[in-house]
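Residue strings, one per chain:
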Amino acid sequence: MDLSFSAEDLAFQREVRAFVAENYPADIKAHFDAGLEPRKADFVRWQKILFEKGWVAPAWPQQYGGTGWTPTQRYIFQEELGAANTPGIIPFGLSMVGPVIYTFGSEEQKKRFLPGILSSDVWWCQGYSEPGSGSDLASLKTKAVRQGDKYIVNGSKTWTTMAQWADWIFCLVRTDSSVKQQEGISFLLFDMKSPGITVRPIITMDGGHEVNECFFDNVEVPAENLIGQEGQGWTYAKFLLGHERSGIAAVARSKRGIAKLKQIANAELSDGRPLIEDQDYRRKLAELEIDLTALEYTELRTLARESQGKGPGPESSILKIKGTEIQQAITELAVEAAGYYGFAFNHRAMNGSNEPVVGPAATAFAAPAYFNMRKTSIYGGSNEIQKNIIAKMVLGL
Amino acid sequence: MDFNYSDEQKLLIDSVERFIQDDYGFDTRRAILKSDEGFRRDLWQKFGELGWLAVPFAEEDGGLGGTPVETMIIMESFGRGLVVEPYLSTVVLAGGLLRAGGTPAQRETVLPDLMAGGLIVAVGYAEPTSRFNLADVSTTATATGGGYVLKGRKSVVLHGPMADKVIVSARTSGGQRDEAGITLFLVDAGAAGVTRQDYPTVDGLRASELVLDGVAVGADAVVGEVGSGFLLLEKAVDEATAAICAEAVGAMEVLHKATLEYARTRVQFGQPIGRFQVIQHRLVDMYIAYEQAKSLAIMANLKLDAPREERRRAVSAAKVQIGKSARFVGQQAVQLHGGMGMTDELNVGHYFKRLTMIETLFGNTDYHLKRYAA
Ligand SMILES: Cc1cc2nc3c(=O)[nH]c(=O)nc-3n(C[C@H](O)[C@H](O)[C@H](O)COP(=O)(O)OP(=O)(O)OC[C@H]3O[C@@H](n4cnc5c(N)ncnc54)[C@H](O)[C@@H]3O)c2cc1C
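In order, the protein sequences belong to chains B and G.
Under UniProt numbering, the first residue of the first sequence is numbered 1, with each subsequent residue one higher.
Under UniProt numbering, the first residue of the second sequence is numbered 1, with each subsequent residue one higher.
No lab work stands behind these hints: they were computed from the structure.
Source: prediction; values computed, not measured.
Mixed in with the good hints, there may be bad ones.
[Said to hold, decoys possible] List of simulated lysine to aspartate or glutamate pairs, EDC-like, C-alpha gap at most 20 Å: (1) B:Lys262 with G:Asp366; (2) G:Lys324 with B:Glu325; (3) G:Lys34 with B:Glu355; (4) G:Lys370 with B:Asp280; (5) G:Lys370 with B:Glu277; (6) G:Lys324 with B:Glu332; (7) B:Lys260 with B:Asp291; (8) B:Lys284 with G:Asp366; (9) B:Lys141 with B:Glu230; (10) G:Lys324 with B:Asp280; (11) G:Lys370 with B:Asp271; (12) G:Lys257 with G:Glu345; (13) B:Lys387 with G:Asp285.
Chain B with its partners taken away, still in its complex shape (with noise of 0.2 Å):
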């Protein structure tokens, strides 16, 4: 047994931290430093520029753009990544279509998609839930019917992650209902510009706009746009629920979050003194960071296996679950530092506005943080759905 990382990946881990460091847009920095709300432009900027480094997408195999990195610099690229708090890797066209496109779509397909998912000039959203069909998703209903060379698309779906940015949606759609459900779903590719779709804002209670309703009426797809063969939908789809599964887990991140909490905890009083010296915070905050220690381990543990060859099997679901717990374990202690001042919303100043906000900078926007991070353990299968595949897959239960 041996933890250390090598005199190369140290050699790495130098080189990729000069390069954000120097690459790394001090606006976009500032921006996403502040907690506000998110902007389309800034993730095309950085995405951009790790395009043209290219290392947009170190999981792709090398013949489509990827990097041919180990899963010890891909790991090594997250980490440093994640503590220069630089926006994350929108996931949609990058760590979904694009491994289901390289690996089950054409010639043609590949030619014709990959290019704009690698240089972000195409953005992508995922078609996946419907009002009816959240975690059994394989009960959807949204209608694809064969007519001549294309396709007619009817029905729904919901939670669409940015569809308002998005030019084209990958699609889960029924192509057969005659069929155990399973084996009926086909995946659609289609330009949101179509006629016959409207998106609806949904707006979350922390007052964001990042979900959407997508309706189709009559949305003719050419059938060119299927991929792979009608009926074989839930493969591909399964397939890329493991992809969106990994890197879930933001040791990354959740670090910086806790260090951001340090600073907070240090500069916030309580009875005159910082809060960091308040036995109970402390208490918390250092559990807090060995449940993050743990999980470190468990993903590295994961990633070894990985190198040698072996897939990240169920086990990922204890990534999704204990990243996710301690994703809004944070941000309930940031709310728990903000005090009074997290009461303030200073909805405005979040959106970009010159608006100064109520209170300390650092807990402006703790709350609607908090309001938000809850949404981690809902999508991207719920932590009760993760539970069920451990229980099953892993416990034989």
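Chain G with the ligand: place on chain B using the hints.
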């Protein structure tokens, strides 16, 4: 032993509940939140007509002479309806201070108008660095001739934007965190030297940052005795804490019922999600958390007139239990509603947000655990 309500109390429950059902639906509340004022003056006056604003005041002051149980009843119903009107600030908190410490002149000039719904009073007890310590006061009150000059800053004054008057704590002597030397003053919100920065809060209320820059008040502005404001403030804040515990109980009840109903009707995998045992147990845990919270909220409200130590312990015990229960019930209500629970459109998130703020208001769980254990 009797946990039953009297017939009169039952009538009060009926009247408040009927109002919440008929006149304070979720859409009405939503419209109030969006309005400039952030509350409905006509409804507030209606509260006055119905006698709710007179409940805790003595009969000789024109009040109804109610006990904390009546306040508890009203606050629990207001919790069910997520009422944003300034009852807590004006009737419970400022009212508590004026009842116990107001001079005859203050009671005569302020209370009738307050009880009629014409006058709103807020209380500024916190400062930017005071956290939950009511004795941590740096605002100064300097005696000048016949009165005082106030200088300092009060933070997150709930219902400040709509207040006609504000009662603030200021230091007439002593060091920054001494309990002795704190004096309470009744100040006109529009007095020269008062500036306000108003803003909405995340749970739908309104609050202000209050800057007092050389505000001159007469000696008749003092509420209670000079230098002894702390104990008065502490008792009123304890009463207000017990009141928000009741409010939280009302909010938790709605959340638990709504989640139960959702679990019965939301179908996934061919059956209502409430058939999954993990969901059943979660709903049971939410129910237990709610019942435990309700028990201590009642206990605390019944002990508000007990000797100081006993009252403090009872209130802190309740606040700790409420804090833990509110967090659990709120988070689970969102979780079990799935994506729907995250939306602004559904009421669940709004109850969760109010419960989250109640967890912090008048001292969070850590603060009250310490006060209890001390
Ligand atoms: C902010 C946000 C962004 C999202 N982005 C996208 C997106 O871009 N694209 C997309 O397609 N979807 C997206 N989703 C949808 C997300 O995947 C679903 O919300 C999720 O799958 C849960 O489905 P549901 O909301 O219908 O909840 P339900 O499935 O109705 O579940 C309700 C509750 O029941 C529990 N439950 C359900 N079944 C079981 C069971 N068998 N055992 C135990 N408990 C169970 C759940 O865990 C949950 O607590 C997003 C959701 C959110 C909140």
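Hint check results:
1. B:Lys262 with G:Asp366: holds (17 Å)
2. G:Lys324 with B:Glu325: Status holds; Cα separation ~17 Å.
3. G:Lys34 with B:Glu355: holds (19 Å)
4. G:Lys370 with B:Asp280: holds (9 Å)
5. G:Lys370 with B:Glu277: Status holds; Cα separation ~14 Å.
6. G:Lys324 with B:Glu332: holds (12 Å)
7. B:Lys260 with B:Asp291: Holds - the C-alpha atoms of B:Asp291 and B:Lys260 are around 17 Å apart, at most 20 Å.
8. B:Lys284 with G:Asp366: Satisfied, since the Cα-Cα distance of roughly 11 Å is no more than 20 Å.
9. B:Lys141 with B:Glu230: holds (16 Å)
10. G:Lys324 with B:Asp280: holds (15 Å)
11. G:Lys370 with B:Asp271: holds (13 Å)
12. G:Lys257 with G:Glu345: holds (18 Å)
13. B:Lys387 with G:Asp285: Between B:Lys387 and G:Asp285 the Cα gap is close to 18 Å, so the pair holds against 20 Å.
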